[in-house]
Amino acid sequence: MTALLKVDRINAFYGAAHILHNLSLEVRAGERVALIGRNGVGKTTVVNTLLGLARLGEGQIRFRDSEIRKPRPYLAAQHSIVVVPQGRRIIANLTVEENLVLGAATGRKGPWTVPEIYKLFPILQERAHTPGTALSGGQQQMLAVGRALMANPSLILLDEPTEGLAPVIVDQLATIFNRVADQGTALLLIEQNMSLVVRVAHRYLAMAKGAVVASGEVNNSRDGLKDLEAHIMV
Amino acid sequence: MLTINLFNGLVYGTLLIVMCSGLALIYGLRRVVNFAHGSLYMLGAYIGYSVAAHADFWVALFVAPAVMAAIGVVLDRYGFRLLQDRDPLTVVLVTFGLLLVIEDFVQTVWGKSNLSLATPDALNFAVNLFGTQVPAYRIGVIVVGAAVALGLSLWLRFSRYGLFVRAASTDPTTTSMQGVNTDALSAGVVGLGTALAGLAGVVSAPFMSLSPSMSADVIIDSFVVVVIGGLGSLAGAFIAAMVLGMVQAVGAVYLPDASVLLPFVLMVAILIWRPAGFAGSRT
Ligand SMILES: Nc1ncnc2c1ncn2[C@@H]1O[C@H](COP(=O)(O)OP(=O)(O)OP(=O)(O)O)[C@@H](O)[C@H]1O
Ligand SMILES: [Mg+2]
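Residue numbers (the working numbering), protein chains in the order written: chain A, 1 to 234; chain B, 1001 to 1283.
Keep in mind that a hint or two might mislead.
Said to hold, decoys possible - Sample of chain B residues facing chain A (criterion: CB under 10 Å; computed from the structure): (1) His-1054; (2) Asp-1056; (3) Gln-1107; (4) Thr-1108; (5) Arg-1160; (6) Arg-1166; (7) Thr-1170; (8) Pro-1172; (9) Thr-1174; (10) Thr-1175; (11) Met-1177; (12) Gln-1178; (13) Gly-1179; (14) Val-1180; (15) Asn-1181; (16) Thr-1182.
What the hints assert, rightly or not - Calculated from the model, a selection of chain A residues having no Cβ within reach of chain B, i.e. all distances over 10 Å: (17) Ala-76; (18) Glu-98; (19) Gly-137; (20) Gln-192; (21) Asp-227.
If you are wondering where the hints come from, they were derived from the structure by calculation, not from laboratory data.
Where is the CB? At the ideal position from N, CA and C, for every residue including glycine.
Produce the entire structure from the sequences given, and follow the hints as far as they go.
Below you can see the structure in the form of structure tokens.
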């Protein structure tokens, strides 16, 4: 079976700054993978390279069977890979509902529609016609997740989706991520919150200085949590 | 006297609406303040003139905007797209350079002397408006401008591509991440904006004489409108265009000596009152 996403020894740059060094990773259909690492190791840069927002040097990116030589932000979504970006990036001049509809831009059919998203996040229905950025941080994150689901993707990249959110919201999102993954959507969860990682991911990749330095199974136990936390300790 | 002036103000306001919607759309997607927009308007008028000479005005009304749309797509692909992340001064210099190139091209092809296009026969009559005789053609101009304003507003508000355009005007990267090919979208929108400049050109040809300097007045007024309305805001530009048209009309009656200055006075007054323009929310 071919991987949904295969990154092979990529190097990435912002201007002259060399951020990713021969980084490889792979996500297969239905997998739940966590990408962990301290602030500034280059987690977001991995996403940005896939989207063409950081410059790709040597190395190869494949979305399913297609090699992506010149990444552009829309190519990932067109290949059924969507990103819930760090900082959420809700579009300010669109309403909550319009932000959701925008998520369906590729027109790919599947289980997720506006009513289904509203069932998942009833608060979004209550706020459907308010500007997206008028929501609270937690609600905006729900909207960002809902927008990504609207693409009916086979893989979702979540870039620190619980950053700055209250623990109850984090719990709620963990449940949702599991539900989405149970339905067969693969997840690449970029996180520094290891208690979320052990609840959602089955496998992890740990980054340091722009490369993957460790990987393994996620063990949902107290020891498992300790092992993971060791990777993000200073 | 006042009635006919107000009427002409309305005609000019609607022409400005057509011009400024193009400017605002292009700025929204590409963040390019297109100084050549007035020259594109002029080019549209001249192309319309030539097409009308070989076929007739009604053919020109469609052909000139279509040719301008194609020019706009090329302009976006090989111009604005490359200017996207450049500093504003570079953008100003390049679009200003384009303005000079187009003006030179027009002079070379059509010459320096004034040309005029006859009013199409079907609209060559007068209509009685509140006791004043007004040319039917100019009523047609108002209808075209209103149709453009209404059509664009409905398209942006209710259509799928309208949603993409609104989203991309605020955050092109995030919009693109949803799978919208923003390169193609921008080419389409710049094509549309340029076609609208061309449409304004053909439509105005029968009542403003064609000359290589015809772009100057319109572009200055268009910028005043766009600044007053709030950069990138269509609704703001629509209101500002009508206000400017009316202010000039009334000014021509009561302050004939100062009427050329009025747009600037209006602009300064509004910018003091609301620095981002009526509808502007960003800087
Ligand atoms: N636009 C940019 N231009 C130049 N350098 C950048 C840019 N964005 C990030 N960097 C640098 O690249 C490195 C990796 O940043 P990146 O955002 O990928 O880290 P991260 O692992 O996502 O961190 P965080 O957990 O804080 O989100 C950092 O040293 C950062 O300073
Ligand atoms: Mg990051």
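Against the structure, the hints come out as follows:
At a threshold of 10 Å, the smallest CB-CB gap from His-1054/B to chain A is about 42 Å, leaving the interface hint violated. Among the interface hints, the one on Asp-1056/B is violated; its C-beta lies about 42 Å from the nearest C-beta in chain A, farther than the 10 Å criterion. Below 10 Å, beta-carbon pairs count as interface contacts, and Gln-1107/B has none with chain A, the closest being about 40 Å; its hint is therefore violated. At about 39 Å, the closest approach between the beta carbon of Thr-1108/B and any beta carbon in chain A exceeds 10 Å, and the interface hint on this residue is violated.
Annotation: interface hint on Arg-1160/B holds; nearest CB of chain A at approximately 8 Å, less than 10 Å. A least Cβ separation of about 6 Å between Arg-1166/B and chain A falls short of the 10 Å threshold, and the interface hint therefore holds. At a threshold of 10 Å, the smallest CB-CB gap from Thr-1170/B to chain A is about 5 Å, leaving the interface hint in force. Taking 10 Å as the C-beta cut-off, the interface hint given for Pro-1172/B holds, the closest approach to chain A being about 9 Å.
The restraint placing Thr-1174/B at the interface with chain A holds, with a minimum CB-CB distance near 4 Å, inside the 10 Å limit. Restraint check, Thr-1175/B versus chain A: the minimum CB separation of about 7 Å is within 10 Å; hint holds. At about 5 Å, the closest approach between the beta carbon of Met-1177/B and any beta carbon in chain A falls short of 10 Å, and the interface hint on this residue holds. Using the Cβ-Cβ criterion of 10 Å, the hint placing Gln-1178/B at the interface with chain A is satisfied: the shortest such distance is roughly 4 Å.
Because the smallest distance between the Cβ of Gly-1179/B and any Cβ of chain A comes to about 3 Å, under 10 Å, the interface hint for this residue holds. Contact between Val-1180/B and chain A, as hinted, is supported at the beta carbon level, the nearest pair being about 5 Å apart and thus within 10 Å. Using the Cβ-Cβ criterion of 10 Å, the hint placing Asn-1181/B at the interface with chain A is satisfied: the shortest such distance is roughly 5 Å. For Thr-1182/B, the interface hint holds, the least distance from its beta-carbon to any beta-carbon of chain A being 7 Å, beneath 10 Å.
With 10 Å as the threshold on Cβ separation, the claim that Ala-76/A sits away from chain B is violated: the shortest Cβ distance comes to roughly 7 Å. Distance check for Glu-98/A against chain B: the nearest CB is about 6 Å away, which does not clear 10 Å, and the non-interface claim fails. The claim that Gly-137/A is not at the interface with chain B holds, since no C-beta of that chain comes within 10 Å of its own (minimum 17 Å). With a closest Cβ-Cβ approach of about 22 Å to chain B, Gln-192/A is found to remain outside the 10 Å limit, as its non-interface label requires.
For Asp-227/A, the condition that its CB be more than 10 Å from all CB atoms of chain B holds, with the nearest at approximately 33 Å.
The structure is inconsistent with the numbered hints 1, 2, 3, 4, 17, 18, although it conforms to all the rest.
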